[in-house]
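Enquirer: From just these sequences and the hints, can you work out the full model?
Single-letter residue listing:
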Amino acid sequence: MIFARVGTHNAPFDRLVRWMDDIACQIEEPVVAQIGAATFRPEHCQHFRFCTSEEMRQWIHRARVVVTHGGASVREIVGAKRPAIIVPRLKRFGEVSDDHQLELAQVLARRGAITLVMTEVELEAALHAPSLPIGQLQSPESLIRAVREAIEHLG
Amino acid sequence: MKIALVCSHGGHLSEIMELADAYSGHDAFFITYDAPRTRVLAERKYLLRNIGFNPFLMAIAAAQIMLILLWERPHIILSTGAEIAIPAFYIGRLLSARTIYVETVARVVTPSLTGRWVYPVTNAFFVQWPDLLACYGPKAQHKGGML
Numbered sequence: 000m001i002f003a004r005v006g007t008h009n010a011p012f013d014r015l016v017r018w019m020d021d022i023a024c025q026i027e028e029p030v031v032a033q034i035g036a037a038t039f040r041p042e043h044c045q046h047f048r049f050c051t052s053e054e055m056r057q058w059i060h061r062a063r064v065v066v067t068h069g070g071a072s073v074r075e076i077v078g079a080k081r082p083a084i085i086v087p088r089l090k091r092f093g094e095v096s097d098d099h100q101l102e103l104a105q106v107l108a109r110r111g112a113i114t115l116v117m118t119e120v121e122l123e124a125a126l127h128a129p130s131l132p133i134g135q136l137q138s139p140e141s142l143i144r145a146v147r148e149a150i151e152h153l154g
Numbered sequence: 000m001k002i003a004l005v006c007s008h009g010g011h012l013s014e015i016m017e018l019a020d021a022y023s024g025h026d027a028f029f030i031t032y033d034a035p036r037t038r039v040l041a042e043r044k045y046l047l048r049n050i051g052f053n054p055f056l057m058a059i060a061a062a063q064i065m066l067i068l069l070w071e072r073p074h075i076i077l078s079t080g081a082e083i084a085i086p087a088f089y090i091g092r093l094l095s096a097r098t099i100y101v102e103t104v105a106r107v108v109t110p111s112l113t114g115r116w117v118y119p120v121t122n123a124f125f126v127q128w129p130d131l132l133a134c135y136g137p138k139a140q141h142k143g144g145m146l
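Same order as they appear, the protein sequences are chains A and B. First residue of the first sequence: 0, per numbering that gives the first Met the number 0; consecutive thereafter. First residue of the second sequence: 0, per numbering that gives the first Met the number 0; consecutive thereafter.
Treat the hints as calculated values from the structure; they're not laboratory data. If you're wondering where the values come from, they're calculated on a predicted model, not measured in any experiment. Note that beta-carbon positions come from the ideal geometry of N, C-alpha and C, so glycine has one too. A couple of the hints might just be wrong.
[Unchecked claim] Over the 10 Å line for every Cβ pair with chain B, so calculated as not near, a few chain A residues:
| no. | residue |
| --- | --- |
| 1 | Ile26 |
| 2 | Ala37 |
| 3 | Val64 |
| 4 | Arg91 |
| 5 | Gln100 |
| 6 | Ala128 |
| 7 | Ile143 |
[Unchecked claim] Covered stretches of chain A, going by a simulated chain B footprint (3 or more residues, C-beta under 8 Å):
| no. | region |
| --- | --- |
| 8 | 43 to 52 |
| 9 | 69 to 80 |
| 10 | 118 to 126 |
| 11 | 145 to 154 |
[What the hints assert, rightly or not] Non-contacting residues of chain B with respect to chain A, defined by C-beta distances greater than 10 Å in every case (computed):
| no. | residue |
| --- | --- |
| 12 | Leu12 |
| 13 | Glu14 |
| 14 | Val39 |
| 15 | Arg43 |
| 16 | Met57 |
| 17 | Ile90 |
| 18 | Val108 |
Expert: This is the structure:
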């Protein structure tokens, strides 16, 4: 199963939803999409707008590969040891306020932790690839310790 | 100690939950947006309408946050973003709370609008990628990240 997700942004990410709908009618593998604020309604794949954290965790675990926008939630896919294909939301399409999702995807792709995709053709190719990179999570321990110290110090 | 956890309902919420060991043992409560994910939070919570950067909705949220903070009087306000942190931090500081901001891991080289807004009223400011240090002032610290 391929799971695609656009996150919780107020702005739609119709580009990705359309691509997944196109791809879903050309392949056998089931596609499930979390479409958020999309204005386009897919016709060829199971979809829903939003879900709970637990449901999101289960969809990610059940997927062979997860196609995602480039938000902080990439962490949850990498943490679940699933290959992540990032399609960054871009400013020029009004999908996000600036191109930070592209910057995040670029740095993670350079590390070999995710697959960065910019076009529908690239996305199709990535979904047919025999293997995809799976990243490794950094432990947040030192950040947690620093925040805990800040709380003790300021409180 | 009483801690207000302020965040929007997507990746920012996941990040603040990832930091739970930093505030466990304290009396922590959420101020976040109403969504399927936040309705099931086990902690005490105040769920607001999603404001985005709409100035009118932000003014309404600011009034709600003012009432919540007056009622709760947290010692610390901790936020991972997004824009909901802006009214919370400015009002919180007026009510003499201390503020801690953690820039989302999704920000690698371009600072967030929220981060730039709250930087002046933040007591402890963390970024998760070292390149961002240069974009903020000397208060910003990099103590590792979660990705």
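Enquirer: Please check whether the beta-carbon of A:Ile26 is more than 10 Å away from every beta-carbon in chain B.
Expert: Non-interface label stands for A:Ile26: nearest chain B Cβ at 28 Å, farther than 10 Å.
Enquirer: Run the C-beta distances from B:Arg43 to all of chain A and say if the shortest one exceeds 10 Å.
Expert: holds, 18 Å
Enquirer: Find the nearest Cβ of chain A to the Cβ of B:Val39 and say whether that gap is larger than 10 Å.
Expert: violated, 5 Å
Enquirer: Confirm or reject the coverage of the region 69 to 80 of chain A by chain B under the rule of 3 or more residues with a beta carbon closer than 8 Å to the chain's beta carbons.
Expert: It holds: at least three residues are needed, and the region 69 to 80 of chain A offers 8 whose Cβ sits within less than 8 Å of chain B.
Enquirer: Count the residues of the region 43 to 52 of chain A whose Cβ falls closer than 8 Å to any Cβ of chain B, and tell me whether that reaches three.
Expert: holds (count 4)
Enquirer: For A:Arg91, is the shortest beta carbon distance to chain B beyond 10 Å?
Expert: With a cut-off of 10 Å, A:Arg91 remains clear of chain B, as the shortest Cβ separation is near 15 Å.
Enquirer: Beyond 10 Å on every Cβ pair: is that true for B:Met57 relative to chain A?
Expert: holds, 13 Å
Enquirer: Examine each Cβ of chain B, and state whether all of them lie more than 10 Å from the Cβ of A:Ala37.
Expert: Fine: 15 Å to the nearest Cβ keeps A:Ala37 off the interface.
Enquirer: Would the non-interface assignment of B:Ile90 survive a Cβ cutoff of 10 Å against chain A?
Expert: Non-interface label on B:Ile90 holds, nearest chain A Cβ at 17 Å vs cutoff 10 Å.
Enquirer: At a Cβ distance under 8 Å, does chain B reach at least three residues of the region 118 to 126 of chain A?
Expert: Our answer is that it is violated, as 0 residues pass the Cβ test (under 8 Å) against chain B, missing three.
Enquirer: Checking the smallest CB distance to chain A, is B:Val108 really beyond 10 Å?
Expert: violated, 5 Å
Enquirer: Just double-check A:Gln100 for me: nearest Cβ-Cβ distance to chain B has to come out over 10 Å.
Expert: Since the minimum Cβ distance to chain B is about 7 Å, A:Gln100 lies within 10 Å and the statement is violated.
When each numbered hint is compared with the structure, violations occur for hints 5, 7, 10, 12, 13, 14, 18.
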